[in-house]
Amino acid sequence: MFRSIYLKSLRDYRVPILGWGLGLGALLATVLIAIPTVFATPAAKAAVVALGSTYAWIAEPIKIDTAGGYATWKYGITILVVVIWPLLAGTGMLRGDEERGSLDVLLSAPRGRVRVALEKLAALWTALLAFGVVVGLLAYAGGAKLNGEVTLGATLAFGLNLALICAVFGSIALFVSQFTQERRTASGLTAAILLVAIVVDMVHRVVPNTVWLSRLSPVYYYNLSKPLVPGYGVNPGAMALLVALTAIFAAAAIWLFARRDVGGVVFQLPSRRASSTRALPTSDWSLRSDYTRSLGTTTTSTLWWTLVIAGLAAWLVVIVKQTETQLRSLLQSSNAFGQVIKLGGGDTATNEAILGALFLFIPILLMAFAVTQANRWSADEEDGLLEIVLSTPQPRLRLILGRFAALATATIFISVVTLAATAIAAAVYGVALDYGNLAAASLSMIPLGLLVAALGYLFAGWLRAAFDTGLLSFLLVIWFFISFVGPSLKLPDATLKLSPFYYYGSPLIHGLPIGDTLVVVVMGAVALALAAFRFTRKDIAV
Amino acid sequence: MTEPMIDVEKLTKSYGGKRGIVDVSFQVPEGEVFGFLGPNGAGKTTTIRVLMALLRADSGSARIAGLDSWNDSIAIKRLIGYVPGEPSLDPNLTGGQILEYFANLRGGVDQAYLKQLIQRLDLDTSRKFRQYSTGNKRKVVLIQAFMHRPRVLILDEPTSGLDPLNQQEFDGMAREAREEGRTVLLSSHVLSEVEKTCTRVAIIRDGSIVRIGGVHELKDIKRYEITIAFAQPVPADAFSKVEGVAEVETLNNGSAVRLAIQGSADAVIKAAARYPVVSLTSYEPSLEDIFLRYYERDGQAPKEAVGV
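Listed in order, the protein sequences are those of chains A and B.
Add 445 to a position in the first sequence, counting from 1, and you land on the number used in the working numbering.
Add 15 to a position in the second sequence, counting from 1, and you land on the number used in the working numbering.
FYI, nobody ran anything at the bench for these hints, they're computed from the structure.
Honestly, I wouldn't trust all of these hints.
Claimed, not checked - Cβ-Cβ distance ranges computed for the label pairs, FRET-style:
hint : chain 1 : residue 1 : chain 2 : residue 2 : range
1    : B       : Gln134    : A       : Leu701    : 34 to 44 angstroms
2    : A       : Ser728    : B       : Tyr128    : 29 to 39 angstroms
3    : A       : Val971    : B       : Glu195    : 23 to 33 angstroms
4    : B       : Glu195    : A       : Ser728    : 54 to 64 angstroms
5    : A       : Phe912    : B       : Tyr128    : 38 to 48 angstroms
6    : B       : Arg71     : A       : Phe484    : 52 to 62 angstroms
7    : A       : Leu467    : B       : Arg71     : 28 to 38 angstroms
Just so it is clear, CB atoms sit at the ideal spot from N, CA and C, and this is done for glycine as well.
The task is simple: from the sequences and hints, build the whole structure.
The structure is reproduced here in structure tokens:
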């Protein structure tokens, strides 16, 4: 495996391919396995069809009363998680190596830059294909008992389509990383592009006559192929377009890479220089303590995440009217739907019910933010950044609590701005909402985010940054799966309680569940206490 | 008897099943500049990281100023300035911001002295850490270790990457620290650096201390090489019996010799002067080379070595 850059890179990808492929493949397989339970009676099937329309903004419900249609719709939301690994791989491929200094050594070998980049890219594409095959095979295994409804060809095509959208965002990440000095920044920017792409794709399913806008998103073309849906199949044109996008972004990235400085960026903004080169800065607020330093470090990413989360939340409030109109027409055509949700008349209860369903995404995004911040903590230790900090008279306990406090401050900031943004949007667009419930929905996300962060800090006591982040992401997927799919699968209450989303509840409709919120707070506090206990006793960066 | 400033007693640390250090013991009195020598991977950094409470010892004790390095780490760190072996700092901060940040974390840093150190090492504080060369990165780390005038300096390979001028400045800073009665633990694999700066040394190999003594005792393990090119071939045994010559290698059909010399080169130079010399090159081997030669058999120096 060390005979070429291609094989070495492929070797580096072996754990993620297996982990990511098995995890997400198992998720799809579970959805398929559960179908006989979900479609147990005609009434249940009708309810699912109605539910599918409610959640059309997540994924287009086509032939949702079939196994393939249902699985495709249910799996739609996972695109957000599926793309995370190729995104990180794309930014790490060249920029990550540059940060570590290993690219200098690699480029000292008698190989051109273009060849080095191409071999690494080929390894990523091979890994993604393998990932697609694993997902396809597991999906086929999951659907084996559905009387031939799910064929091997269809599941493999599904895996291929998944690999293609991953390749697109991997290439975009590679492209973006040519413009940033740090891998972390490139990952953040590409994640923002991913979120925007997902939201832009959603628009046409919620707001009429906006397909033109959705066509700007690669996710739209991914969704045009639905190999698992009977009679729908793949859209070769859309798949070809995904291949073309992958190639274009990759080619542009490699072209730029071949022409820029190693360790440099494509455009170097002129840097400000102090009047005296030996001057010391004065009264920089972020340098006063480790807490403020940590806050300063996360400012940019916090602002970006705030923009995305608060922006999305405000947008959801704006579209609640359109959704209400769609739901009303559904109500008229489906009695089953009426049992799922009772519509009022554009009143507060109706709006909160719709927004409550749409709002599901917001705490997940806040928890994803917490994952990135927890990653920063473990990465700092791994990169040796705590070494000199710990040579100062700072107790380890203060250090970890200071960092966590900074993360908590950022989380609270995002939640408060989200509350303000949604409240303003509701007032401006005349959407009637109970502001107490809105505050409950926005602010009770905070314990969820902090729980994820505390778990990340705890895992960092033993795991390297990559594994820590992987485990947290996996937990996020599992929790989401339990809460989103669990009720349909009639999972026992004890299982549903394993997910923190269970304790979040529906605050927009029912207000703040004080007891459940306290459960999350206590879980977070215990995780943080254990993390602090471990950190005060462990060997640093071993 | 006065308590040593640094007191390491039977310190043992392993990484899972892998060797770290085994029963390491040494004492450094207050005011001494103590060298900690050893080849790469010998256990220098592990010992230092235990002293800095970054690692927890499996057994034994490490004390600074009478305080336990793990249990009293905060009190100890008020006394210490530290240069890690592989320093890593926030790449997005400028050198000045990094120094201000650590000054705030420590408290009580004399700004005038800090500026003096910046001038002395000629550091451009306006550049981001990532934009610094290796040597400039090292300067930032050195300044943060010295800026609060610590009673104890623990320096792990402090001059790695510094140019000769700045190495000289560092030598001066270490000398001043000694004159002011501060204690320095200097880890290095550069023999000449330790010779210039330290009064005593400990030599560590494979995780264990193999020798502790005055710096002058290094002379009996110090060996360097001289390559002499002649205008014509010289007799094969012309240098083999010369005082201080440990090894002779004939090159270019006898018209050049490479000599391994221990101690003074005076006799060698006089012997070479009997023949027409074209060039003479002297090379000081790294300590690692010396270790390879002198400690390849359980720490016993080869018998041919001639003490000077």
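Tested hints:
1. B/Gln134 <-> A/Leu701: 34 to 44 angstroms: With a Cβ separation near 41 angstroms, glutamine 134 of chain B and leucine 701 of chain A satisfy 34 to 44 angstroms, so the hint holds.
2. A/Ser728 <-> B/Tyr128: 29 to 39 angstroms: violated (19 angstroms)
3. A/Val971 <-> B/Glu195: 23 to 33 angstroms: violated (49 angstroms)
4. B/Glu195 <-> A/Ser728: 54 to 64 angstroms: violated (31 angstroms)
5. A/Phe912 <-> B/Tyr128: 38 to 48 angstroms: holds (44 angstroms)
6. B/Arg71 <-> A/Phe484: 52 to 62 angstroms: holds (57 angstroms)
7. A/Leu467 <-> B/Arg71: 28 to 38 angstroms: holds (36 angstroms)
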